[in-house]
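**Q** These are the residues of each chain, in order.
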Amino acid sequence: MAIDLRGKRAHADTAFRWLAFASAAIVLLVLALIALTMAGRAVPVLDRMGLEFFTSRRWSPADGRFGALPFLWGTLYTAAIAVALAVPVSLGVALFVTQVAPRWLRAPIVYLLDLLAVVPSVVFGLWGVMVLSQHFGLGRSFLTAGVILAIMITPIITSLAREVIETTPESEKEAALALGATRWEMIVGAVWPHSKAGLVGATMLGLGRAMGETIAAALVIGSSLGQVTLDAFAPGNSMPAVIANEWGEADELHKSALIALAVTLFVITIVVNMGARAIVERSKR
Amino acid sequence: MTHVETFSEVLAPVVFDLSSLEVFYGSFRAVRDVTLQIRAHEITAFIGPSGCGKTTVLRCLNRMNDLIAGARVGGRVTYHGVDLYGTQVSAPEVRRRIGMVFQKPNPFPKSIYDNIAFGPRINGIRDRVKLDEIVEKSLRAAALWDEVKDRLRSSALGMSGGQQQRLCIARTIAIEPEVVLMDEPCSALDPIASARIEELMRELKNRYTIVIVTHNMQQAARVSDRTAFFTAELDSQSDQRTGVLVETGTTAKLFSNPREERTENYITGRFG
Amino acid sequence: MIGTVTATDLRPRRSWRRVKSSIMTCLMGAALVAIVIPLAAVLWALFDKGAGVAFRSFPDFFTAEIPVVSRRAGPGMGPAIVGTLLVTTGAALLAVPLGILGAVYLHEYGRGSRFAGLVRFMAMVMTGVPSIVMGLFVYVIWTMRFGYSAFGGSLGLACLMLPIVIGSTEQMLRLVPNPLREASYALGASKARTILTIVLPAASPGIVSGCLLAIARAAGETAPLLFTVGAASAYNPHLFEEANTALSAQIFGNATASFVAAQDRAWGAALTLVMLTFVATLAARLLFSRKRSA
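First to last, the sequence lines map onto chains A, B and C.
Numbered per my numbering, the first sequence spans residues 1277 to 1561.
Numbered per my numbering, the second sequence spans residues 2 to 273.
Numbered per my numbering, the third sequence spans residues 7 to 300.
It is possible that some hints are incorrect.
Here are the simulated lysine to any residue pairs, SDA-like style, with alpha carbons at most 20 Å apart [to be verified]: (1) A/K1284 <-> B/I123; (2) A/K1284 <-> B/E200; (3) A/K1449 <-> C/M30.
In short, the hints are calculated from the structure, not lab data.
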């Protein structure tokens, strides 16, 4: 008895597979295109300034001089302030949710964090410039930007910290408690060793976010020419803020300089994010 | 080919012919040297201790092993003389002819009606009247019609475990397969629900060839015509346990007068 | 208690260890308060300064055009609301299908493959790419050639949404039990068929919820719109033609204006935007929790 098991040719099946493949590949395509097209646009200014683009403090579009050091400093300094403020709070909330809060309280807290995460950056910026900087005597400064950025990166650090902390085996926590450890001793003895690396990754991720956050920083950082100073109350400027504020009236070379800033920002955030993700993923296993 | 059938009854036509079948998952050899025949309109039972590869062999018969990454099949499996693993053979087509019922009932999160109609629909049947007819016929064949005829539009997830399993059987026979493979179909059910499924199997046997994997020897003895006993052997080279076929025969003979000592030990409960 | 002199005392002893643990627990609670305060402060400011502007002569603020002279008092964010909806819808139409298909590839086809691992990792990294970089990227590849339009903004937002949709969808596909896929294959369904008729419908509440969250987040973005959408004060319902505007861009523009009227409009627009995003977030949560309980 000869039977036919060949079935229909599965053209639709193959087509769907390729469609899905192409969709996945778009992620890589977009990242590659960002790097390539923007690097091309940044060439004119780098040609002219060379390495001085990163080391000079003089940013003077009128005479075609572009030294981005103050903005690099501003980006790193505000991000550092933001992380310093956000990490203890995020860690506290993450521990509270996972170790202290009764079950019924967990969902509302997570929901609260969701809301905080979804408030648009420009709204924080508006609040920062109209309320925080005026009524709390902070003015527009590195510190004001740092505080606003800290509020904005708290949800992501908290949610990653939660994921990492939750990987601590229940048995080890119970073992610690069974030995008479207090809750804090249990956290230090059982949770911390398991979560250390992942928390470092979560912190780095928050750092990456803070460096790239544009609009809120642009509104509250001060928009001066930027300065390299440790004085947190001084007005300054950061890379994304400069791009957002100066793009409107920029000529070609100036635009090239702003794109070069964006490329720099892209490279820094990509590197920080890759490191952070690698650490977080490894520690979740 | 150590175990050759010697009695001389008139045998039904061979549906599956397995010779020296072996299955690998990556570098791990799950079963080896399986040579057996499965005949039309009989219930063949695969029994043996857990880890002996009986489910693995069953999943070779409708190419479900294809879905497991790294799975590889050696030897030969023919279905009505056609090599199931031949290059021209399409796995979906094989599965359309050889249905399968799983260990745990796995109804789709859809209505009872849509569960049954899923198979006919993917075979291109769109006609409402025709679909209604198939749904009723399949549910009747699975002895489920009277229980659910008033709630065909409600979710299948609201049924009891036994009903869900009978729904899965109805879903399988809705595509009119020639063979129904059952992988421990009663292991998640209570004794009463199990008894109903067994009863159903005896009824279905007139129209379908049935292969059932079970770890319940009484069940094999009650429902099957022919039994294949598998066990796991320690492979001296790789230090891994590999499933092997010990013996096959009519169920009556295998349970009353097994040829192999290992079979006897297992069915009398001294091992396993 | 009285009478048994030798009863074992199980009451906690006051020791520095216990005090320390209590202090730390209090600090964790304080951290929670520390995130509630800014959220409450922002929401309070929004209602305090925005509600009056937005609802005084309802529904003018939501329908009237934006005054061309920003010094002039009076309503109007209608064009910005339309612009936000247009830009965000365009972005969703691009990113949602691509993201879902991409996630399908990662989980249903490429599981374990190197390519899928790379894409998964780079998608996570892509969520960290600053939105202003996306905006400039779209300016370079689109706006320089085709000029300002709502669609340029859609492209920028789509770049932000894509990795979020991929990530959340893949997580939802992971929750679909494997026996469902096997049941479909065992009936002779092809892989594409199984994915489209069994796997995606089973995961759909979670997928929709993830997409809504991504949309809510994208709707509030400003940076990708600055270079791509342009500026307008009148209604422009065309996706591909002419400059447009959006709520977020209006807030940014008016926040630093020195005229009280413009600042008022910024607050009204901010309240509107936050209401939009909160409604989407709320809908997403409700959808997903209903799925869990079902």
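**Q** Now tell me if each hint is right for this structure.
**A** We went through each hint and held it up to the structure:
no. : hint               : result
1   : A/K1284 <-> B/I123 : 12 Å, holds
2   : A/K1284 <-> B/E200 : 36 Å, violated
3   : A/K1449 <-> C/M30  : 17 Å, holds
Consistency note: the structure conflicts with earlier hint 2 alone.
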